[in-house]
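Student: The primary structure of each chain is shown beneath.
Number of protein chains: 2
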Amino acid sequence: MEKIYFDYAATTPVDKGVAEKITPFLEEKFGNPSSLHAFGQEAVFALDRARESVARFFGAKEREIIFMPSATVANNVAIQGALQKKEKPHVVTSAIEHKAVIEPLKNSSAEVTYLPVYKEGVIKEEDVKKAIKENTVLVSIGYANSEIGTIQPIGKIGKIIEKENEKRRNKIIFHTDAVQAVNYLPCKVDKLKVDLLTMSGHKIYGPKGAAALYVREKTPMSPILFGASQEKGFYPGTENVFAFAGLGFALEEIKKNDSEETKKLRDRIIDFVLKEIPETKLNGERERRLPNNVNITVEGAEGESLMMALDNEKIAVSTGSACASNSLSPSHVLLSIGLSRERAHGSLRITLGRYTTEEEVDYFLEKLPPIVERLRKISGK
Amino acid sequence: MEKIYFDYAATTPVDKGVAEKITPFLEEKFGNPSSLHAFGQEAVFALDRARESVARFFGAKEREIIFMPSATVANNVAIQGALQKKEKPHVVTSAIEHKAVIEPLKNSSAEVTYLPVYKEGVIKEEDVKKAIKENTVLVSIGYANSEIGTIQPIGKIGKIIEKENEKRRNKIIFHTDAVQAVNYLPCKVDKLKVDLLTMSGHKIYGPKGAAALYVREKTPMSPILFGASQEKGFYPGTENVFAFAGLGFALEEIKKNDSEETKKLRDRIIDFVLKEIPETKLNGERERRLPNNVNITVEGAEGESLMMALDNEKIAVSTGSACASNSLSPSHVLLSIGLSRERAHGSLRITLGRYTTEEEVDYFLEKLPPIVERLRKISGK
Numbered sequence: 014m015e016k017i018y019f020d021y022a023a024t025t026p027v028d029k030g031v032a033e034k035i036t037p038f039l040e041e042k043f044g045n046p047s048s049l050h051a052f053g054q055e056a057v058f059a060l061d062r063a064r065e066s067v068a069r070f071f072g073a074k075e076r077e078i079i080f081m082p083s084a085t086v087a088n089n090v091a092i093q094g095a096l097q098k099k100e101k102p103h104v105v106t107s108a109i110e111h112k113a114v115i116e117p118l119k120n121s122s123a124e125v126t127y128l129p130v131y132k133e134g135v136i137k138e139e140d141v142k143k144a145i146k147e148n149t150v151l152v153s154i155g156y157a158n159s160e161i162g163t164i165q166p167i168g169k170i171g172k173i174i175e176k177e178n179e180k181r182r183n184k185i186i187f188h189t190d191a192v193q194a195v196n197y198l199p200c201k202v203d204k205l206k207v208d209l210l211t212m213s214g215h216k217i218y219g220p221k222g223a224a225a226l227y228v229r230e231k232t233p234m235s236p237i238l239f240g241a242s243q244e245k246g247f248y249p250g251t252e253n254v255f256a257f258a259g260l261g262f263a264l265e266e267i268k269k270n271d272s273e274e275t276k277k278l279r280d281r282i283i284d285f286v287l288k289e290i291p292e293t294k295l296n297g298e299r300e301r302r303l304p305n306n307v308n309i310t311v312e313g314a315e316g317e318s319l320m321m322a323l324d325n326e327k328i329a330v331s332t333g334s335a336c337a338s339n340s341l342s343p344s345h346v347l348l349s350i351g352l353s354r355e356r357a358h359g360s361l362r363i364t365l366g367r368y369t370t371e372e373e374v375d376y377f378l379e380k381l382p383p384i385v386e387r388l389r390k391i392s393g394k
Numbered sequence: 014m015e016k017i018y019f020d021y022a023a024t025t026p027v028d029k030g031v032a033e034k035i036t037p038f039l040e041e042k043f044g045n046p047s048s049l050h051a052f053g054q055e056a057v058f059a060l061d062r063a064r065e066s067v068a069r070f071f072g073a074k075e076r077e078i079i080f081m082p083s084a085t086v087a088n089n090v091a092i093q094g095a096l097q098k099k100e101k102p103h104v105v106t107s108a109i110e111h112k113a114v115i116e117p118l119k120n121s122s123a124e125v126t127y128l129p130v131y132k133e134g135v136i137k138e139e140d141v142k143k144a145i146k147e148n149t150v151l152v153s154i155g156y157a158n159s160e161i162g163t164i165q166p167i168g169k170i171g172k173i174i175e176k177e178n179e180k181r182r183n184k185i186i187f188h189t190d191a192v193q194a195v196n197y198l199p200c201k202v203d204k205l206k207v208d209l210l211t212m213s214g215h216k217i218y219g220p221k222g223a224a225a226l227y228v229r230e231k232t233p234m235s236p237i238l239f240g241a242s243q244e245k246g247f248y249p250g251t252e253n254v255f256a257f258a259g260l261g262f263a264l265e266e267i268k269k270n271d272s273e274e275t276k277k278l279r280d281r282i283i284d285f286v287l288k289e290i291p292e293t294k295l296n297g298e299r300e301r302r303l304p305n306n307v308n309i310t311v312e313g314a315e316g317e318s319l320m321m322a323l324d325n326e327k328i329a330v331s332t333g334s335a336c337a338s339n340s341l342s343p344s345h346v347l348l349s350i351g352l353s354r355e356r357a358h359g360s361l362r363i364t365l366g367r368y369t370t371e372e373e374v375d376y377f378l379e380k381l382p383p384i385v386e387r388l389r390k391i392s393g394k
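For the record, the sequence lines run as chains A and B.
Under this note's numbering, think of the first position of the first sequence as 14, with each following residue one higher.
Under this note's numbering, think of the first position of the second sequence as 14, with each following residue one higher.
Just so you know, the hints here were simulated from the structure itself, not pulled from any lab data.
One or more hints might be untrue.
Remember, identical chains collapse to one label, so a pair may be satisfied in a single copy or spanning two.
[What the hints assert, rightly or not] Using 30 Å as the maximum straight-line C-alpha spacing, the simulated DSSO-like pairs for lysine-lysine come out as follows:
#	residue 1	residue 2
1	294	132
2	380	42
3	143	268
4	98	245
5	42	268
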């Protein structure tokens, strides 16, 4: 068996077709879109086509799509940009957001309400309504969680905010980090009723270095980076045509039926683990969950030890989100759904993707039980 | 004759060898460096190797190199980061900086002194000394100008600041945007005596989407983007391994003798134009100038018309810096060296590079005179 990759939530390989379409942008079609000559205009054309593709996917206008170098920068531009020049702003978010949302909020002057997600890992939309105050400027709720895969009711929250905004002069801005959702969930911005939406290229089989921020027209936003006027001034600097074009092509490859196949494989893993390995638990609700996410706690086996042992068998899984996996503190997401610190350390994340096969799942389910048994013996539990 | 590219200051094609080395990072070696499994560690290895290469080139320590998505972001992190948490800061810069330096300064609360560059396009280091005040926090001077190619005496300015800092408790931070210099000029940070240095991948035959900021140890800086802790917290988010690796490989390909060949070709163009086409003028001093830059004013012919006419002959040149070429206002750089608004509109920038051949220069010098003559007839001058 070749190396098996079960960490698609961390990053994805670039789709073969996408890679083939964008490699010419390295040596041949290398122009700077700000140049008026033929080389430059060829780059403008590629950028326009990519923007069209992103706009189409989200049901947005092309002028509402801002290319970004990463979802983290997009979230910073969204959050810092929405909060700037606001007096004593209040923000509503959830307790299980990605660091790229939590950290910009923590480093702002905003008062922040963190909504609970209960043991299911899902917020209740009525909690959003209760949390909104007179000075609420922004609501930022991730669409699907990167660690436990739970899906938040973005459209319903959008409706609540829309209704609230009817009564207000200073409208509340609604942002969602949809990085993990784009592959699998409906993403039309008018259905979701969001003003700002973040998505990333390298989570959808596009290249790293490309992301996009949807900014609904007339959303009051100030830029946080300054330079020439590219990307409406929100991401100034020479456009990464190679990567932005790749993001556009990658979106065109997303197919709904990816989801069904992946869900079947995911369910095989969940059912097997819960049935065949005693004292295991699925973290986060099973129903409102991404079709590619498995997150389990294995009593008596450290998540990191499991990950390392599986890596020895050439199976790549994760203990939490990749961005947190270098850190020794337990996952704030798992603590938020009620796990003890010890159990939060014990979790394992398996995320499947477009290239996952039945054979890979078979191999994994063959290797996992003896590894768990061995680790439990070592830990004496 | 194939299409001729004489706009290397705007962007460069990716070197063939570099492109070959990095394409495997798209589909095969696609891991997220934050992942602890084999895929992730392969990415960490590539990133480490790239950082080593950047550090070696600049004579810096690896921990002083911060990867960035673009020089514009690097300049924002440098400037905003150095000014944050400072009371009533004062900054010294030059009148001919790139927008990626001017705009972060304009959008800060800092008081800014813009040093003159005289008709030569070069600042006098004694002017820096005179401009420094008690509350000066930052001096930011570009190493080589993107439009007229003039070279600033960075090492000498560095010495002045070093001497000044001996007397001060709050040290002045010295930043240089070296984007245009890296291909041709000595760049050891200890010789230049800079604390912060910005460089860009796509100007040195590396990919777009990669840049680096050198940050001397102990330089007091605050981050402006927040998320997970990648790049020491100054550029959080999943690293663009493909592009950062490419930046490292591209630096390894820079050879000093590139410079001599290019200079000969540049001098042929300058000599021909000044001698054979009446009423032409070289903008910016000839001696302290990048070996690849020609910037001329052609009396009675609009720069944009010349550019378009040359584009029709498949020769790509520029009217100013690419980032300003979409704008209709005359170049602030040319105004700063004393050109009238009208003449500033009339300038043409020809920037040569690694793949420029004698045949290309011949072809250009054959096509240029009749184009100038034709445009002069049309304009009646």
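Student: All the hints need checking, so say for each whether the structure fits it.
Tutor: Now the hints, each set against the structure:
Taking identical chains as interchangeable, the C-alpha atoms of residue 294 and residue 132 lie at most 30 Å apart only when both belong to the same chain, with a minimum of 12 Å there against 74 Å between chains. Taking the shortest alpha-carbon separations for residue 380 and residue 42, only the inter-copy value of 24 Å comes in at or below 30 Å, while the best intra-copy value is 47 Å. Proximity of residue 143 to residue 268 under the C-alpha cut-off of 30 Å is found in neither arrangement, the shortest distances being 37 Å within a copy and 64 Å between copies. For the homomeric pair residue 98 and residue 245, the shortest alpha-carbon distances inside one copy (19 Å) and between copies (28 Å) are both at most 30 Å.
For the identical chains of this complex, residue 42 and residue 268 are neighbours both inside a copy (28 Å) and across copies (24 Å), given an alpha-carbon limit of 30 Å.
This entry does not satisfy hint 3, going by the numbered hints stated previously; all others are met.
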